[in-house]
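> Chain by chain, the residues run as shown.
There are 2 protein chains.
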Amino acid sequence: MKARVTVTLKNGVLDPQGKAIQHALSSLGFDGVDDVRQGKLIELELQGRDREQAKADLVAMCEKLLANTVIENYSIELV
Amino acid sequence: MKARVTVTLKNGVLDPQGKAIQHALSSLGFDGVDDVRQGKLIELELQGRDREQAKADLVAMCEKLLANTVIENYSIELV
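Heads up: the sequence lines are chains A and B, in that order. The opening residue of the first sequence carries number 1 in UniProt numbering; numbering runs sequentially from there. The opening residue of the second sequence carries number 1 in UniProt numbering; numbering runs sequentially from there.
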């Protein structure tokens with residue numbers, strides 16, 4: 001089973017990487033960009049066919065390792 | 001207008017960061033993970049309302065800056 005976890009910074013948390021991308025885009029001539037935020041995308045290939053179990057496992061993985069829940073949000077999607 | 005760009009490594013390109021995550025998950029007791037690939041998620045806030053123009057701009061941004069098209073794929077989604 002394929003799963004896709006996206007980890008994004010919470011609103012209000014500074015994102016220097018996003019700002020760097022925004023400035024780089026601007027210096028390349030892309031002026032109409034108001035804001036850029038960079039997050040992480042983690043694609044996992046899971047064994048087993050129990051979707052509920054997989055979701056529970058993924059939440060635990062995010063809480064323990066994949067996301068820093070103090071400053072990051074995560075969302076889980078089973079494909 | 002909000003846009004979401006995902007940048008992932010092409011198949012066959014080694015992903016040491018993904019492997020590191022997989023090993024860390026395994027050492028935390030998550031055994032049913034066959035593979036992990038890490039990608040990037042870039043969320044942009046764009047000016048203007050012309051969706052076709054926005055898509056064309058985003059393709060240009062990906063080709064010029066956001067993705068290394070030798071080793072990475074990108075996909076664009078307007079929200």
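It is worth saying that the hints were derived from the structure and are not from the lab. Hints are not guaranteed to be accurate.
A pair counts as met if it fits within one copy or between any two copies, since identical chains are not told apart.
[Stated by the list, open to error] Okay, derived cross-link-like pairs now, SDA-like style, lysine to any residue, Cα gap no bigger than 25 Å in a straight line:
{"no.": "1", "residue 1": "K2", "residue 2": "Q53"}
{"no.": "2", "residue 1": "K55", "residue 2": "F30"}
{"no.": "3", "residue 1": "K40", "residue 2": "G18"}
{"no.": "4", "residue 1": "K10", "residue 2": "G29"}
{"no.": "5", "residue 1": "K10", "residue 2": "D50"}
{"no.": "6", "residue 1": "K40", "residue 2": "I71"}
{"no.": "7", "residue 1": "K2", "residue 2": "V33"}
{"no.": "8", "residue 1": "K55", "residue 2": "V7"}
{"no.": "9", "residue 1": "K55", "residue 2": "G12"}
{"no.": "10", "residue 1": "K10", "residue 2": "R37"}
{"no.": "11", "residue 1": "K19", "residue 2": "V59"}
{"no.": "12", "residue 1": "K2", "residue 2": "E43"}
> Determine for every hint whether it applies to the structure shown.
Results of checking the hints against the structure:
Taking identical chains as interchangeable, the C-alpha atoms of K2 and Q53 lie at most 25 Å apart only when both belong to the same chain, with a minimum of 13 Å there against 33 Å between chains. For the identical chains of this complex, K55 and F30 are inter-copy neighbours only, at 13 Å across copies versus 39 Å inside a copy, given an alpha-carbon limit of 25 Å. Taking identical chains as interchangeable, the C-alpha atoms of K40 and G18 lie at most 25 Å apart whether they share a chain (12 Å) or sit on different chains (11 Å). Taking CA atoms no more than 25 Å apart as the test, K10 paired with G29 passes in neither setting, with 28 Å inside one copy and 28 Å between copies.
Taking the shortest Cα distances, K10 and D50 never come within 25 Å of each other, neither inside one copy (30 Å) nor across copies (28 Å). Taking the shortest alpha-carbon separations for K40 and I71, both the intra-copy value of 13 Å and the inter-copy value of 17 Å come in at or below 25 Å. Taking the closest pair of Cα atoms, K2 and V33 come within 25 Å of each other only across two copies (10 Å); inside a single copy the shortest separation is 33 Å, beyond that limit. For a Cα distance limit of 25 Å, the shortest separation of K55 from V7 qualifies both inside one copy, at 16 Å, and across copies, at 24 Å.
With identical chains, the CA atoms of K55 and G12 are never at most 25 Å apart, being 28 Å at best within one copy and 27 Å at best between copies. Proximity of K10 to R37 under the C-alpha cut-off of 25 Å is found in both arrangements, the shortest distances being 10 Å within a copy and 23 Å between copies. Proximity of K19 to V59 under the C-alpha cut-off of 25 Å is restricted to the inter-copy arrangement: shortest distance 20 Å between copies versus 29 Å within a copy. In this homomeric assembly, K2 and E43 come within 25 Å of each other (Cα to Cα) both inside a single copy, at 7 Å, and across copies, at 23 Å.
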